[in-house]
Amino acid sequence: MNEFVIRTHNLTKKYHDRAAVNSLNLSIGRGEIYGFLGPNGAGKTTTIRMLLGLIRPTSGKVEIFGKDLQKDRLNILKKVGSLVEYPSYYGHLSAVENLEAIRRILNLPKSRIAEVLDIVSLTKEARRSVKGYSLGMKQRLGIASALLGSPELLILDEPTNGLDPSGIQEIRELIKRMPKEHGITVLVSSHLLSEVELMAGSVGIIAQGRMVFQDTIEHLQHQASSTIEMTVSEPEAAVWIARDSGLTGQLQEGRIHFDGLSNTQVAGLVRRLVENKHDIYRVEEKRKSLEDIFMQIVGTGGSL
Amino acid sequence: MMLRALSADFLKIRGKGLWLLIVIAPVGLVAMQALNFGLRYDFLTKLYAKDLWGGLLDNILRFVPIALFMGATLVSSLIAGVEHQLSSWKQLLALPISRTAVFSAKYTITVLLLAVSCVLLSIGSAVLGIALGFPTELPYSDLARIGLYPFIASLPLLALQLWLSLTFRNQALSVSLGIAMAFGSIFTGNLGEFCPLNWPLLTVEGKHQGVFLGAGLGLGLLIMLIGLLHFNRKDVA
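Residue numbers (my numbering), protein chains in the order written: chain A, 48 to 351; chain B, 1478 to 1714.
Derived from the structure by calculation, the hints contain no laboratory data.
Remember, predicted model here, so these are calculated numbers, not experimental data.
Note that CB positions come from ideal geometry on N, CA and C, so glycine has one too.
Incorrect hints may have been included.
[Unchecked claim] In silico lysine-lysine, DSS-like type, Cα no more than 27 Å apart, as pairs:
no.	chain 1	residue 1	chain 2	residue 2
1	A	K157	A	K108
2	A	K178	B	K1493
3	A	K125	A	K108
4	A	K114	B	K1493
5	B	K1711	A	K61
6	A	K157	B	K1711
7	A	K118	B	K1711
8	A	K125	B	K1711
9	A	K126	B	K1711
10	A	K171	B	K1493
11	A	K108	B	K1711
[Unchecked claim] Residues from chain A that face chain B, not an exhaustive set, calculated with beta carbons under 7 Å:
no.	residue
12	Q117
13	K118
14	L121
15	R151
Could you build the full structure based on these sequences and the hints that come with them?
Encoded structure:
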């Protein structure tokens, strides 16, 4: 991650003194899939609208491809494709006509329309009016529109919102292909960690307008370290034995919890307990899910 | 860049009933007079015996301002509605195109559509006159004037309506204001020459036709520029 595609510097948007986005510093490297996470109302969409120049920041700066968005908006937007929240389309037109309306503005060759329809597998339905499309198809058309200008950066705001599981998977596979096959950097926002986890390399978590976590997904998963839970015949005594061998366990409801034990540590502890005539009923591994961590990071203030 | 947006706009209004509206309005105005003259042919031809064409055009002219105001209101609202309906603004304005180009294209398409209506009105009036057996020397300049002049004088209202329609997602505000002004224009006659609603009539009759044409163009341009400035700065929800 040597080159940044998107960087924001203390990006802030206030509505009547209430900061919807507060001093946000976002950095997204080239060729990444960046998951932008946060509960509803955390400021994801507001941030994305600022990235696209749809709304003006109260203060702070957006840099895309190393250029200032305020000054170079049109040049930057030539290389950006976007889908903000639910897809925008003209219902009375067919998919081809919808794309044609955008193509005329972008001034591209007509062949591009067939290409993007093929990427999102809508070629068969392309002549039907979009009104009759399923939500998944509309969403794919939205992605096709975003891809029309062969962008280097794709900004997708909640692209799987309201889709059924198969629709979600389709969109996810589509997004995962972007960096590999087309060299596109993707920013994808969501309020579901489980979903982002499956495609993103880096994540940024935003809560109440502030960035509370920004790192790789491995780093986030690392925080999801496991706990070993033991149920033994004489827990109080067992805690002392463990402490004797340098392991600190907490006693809760007759069970002992240890944080982050290695296999050898577990084996050693079990052996010592058995040698001291303890009966061991259960040794369980409890893994904190990413959702738990997400909730922990986001706090209880969110509306999740 | 504006032309590209304009070409996209022409595509977007397909199947929206706009073209129908554009044709029906002038046809309706002419049909009204066809009925008027058809029913009281002897009475009216005697009344306007000196200048048959003048009599016909004068009758048509009575209804031109209200039709123009209504037309500007509805066309503006329909043009804006295409984008409002499914919140397409966020997609359109995130494209590499300046907001000035987007706004200018919307303004141009509205003006062009209404201009088509006005040309059809001139042609329709001529056809009606011929059908009524009026002298074959057509009063070309008067026919052109009835289509063009009131239209130019109604540009301020058009600019205002388009601005309101583009700004507010809810079209109830702009449409009710437009219709109120259209019907109000029947009663504003005695407010004098300073009321812009009276200008369309004053460009055809009265002494200072040129002044009102200029005023219409000027005020129309001014309101359009204010609308454009606002459109350039506003946040897109």
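Quick rundown of the hints versus the structure:
For the suggested pair K157(A) and K108(A), the alpha carbons sit about 36 Å apart, so the restraint of at most 27 Å is broken. Pair hint K178(A) plus K1493(B) holds up; C-alpha atoms about 14 Å apart against a cutoff of 27 Å. A C-alpha spacing of about 19 Å is found between K125(A) and K108(A), which places the hinted pair at or below 27 Å, so the restraint holds. Only pairs whose Cα atoms come within 27 Å are accepted, and K114(A) paired with K1493(B) is rejected, the gap being roughly 40 Å.
Pair hint K1711(B) plus K61(A) holds up; C-alpha atoms about 15 Å apart against a cutoff of 27 Å. Our distance criterion of 27 Å between C-alpha atoms is broken by K157(A) and K1711(B), whose separation comes to about 33 Å. For the hint linking K118(A) to K1711(B), the alpha-carbon distance of about 17 Å falls within 27 Å, and the restraint holds. Distance restraint check for K125(A) and K1711(B): the Cα-Cα separation of roughly 21 Å lies within the 27 Å cut-off, and the hinted pair is therefore satisfied.
With a C-alpha separation of about 23 Å, the suggested pairing of K126(A) with K1711(B) holds against the 27 Å cut-off. The straight-line distance between the Cα atoms of K171(A) and K1493(B) is roughly 25 Å, inside the 27 Å bound, and the hint therefore holds. This hinted pair checks out: K108(A) and K1711(B) have alpha carbons roughly 18 Å apart, not beyond 27 Å. Given the 7 Å rule on beta carbons, the hint for Q117(A) is violated: about 13 Å separates it from the nearest Cβ of chain B.
Below 7 Å, beta-carbon pairs count as interface contacts, and K118(A) has none with chain B, the closest being about 13 Å; its hint is therefore violated. Taken as an interface hint, L121(A) checks out: its beta carbon lies about 5 Å from the nearest beta carbon of chain B, inside 7 Å. For R151(A), the interface hint holds, since its Cβ comes within 7 Å of a Cβ in chain B; the closest pair sits about 4 Å apart.
Hints 1, 4, 6, 12, 13 from the list above are not met by this structure, while the remaining hints are.
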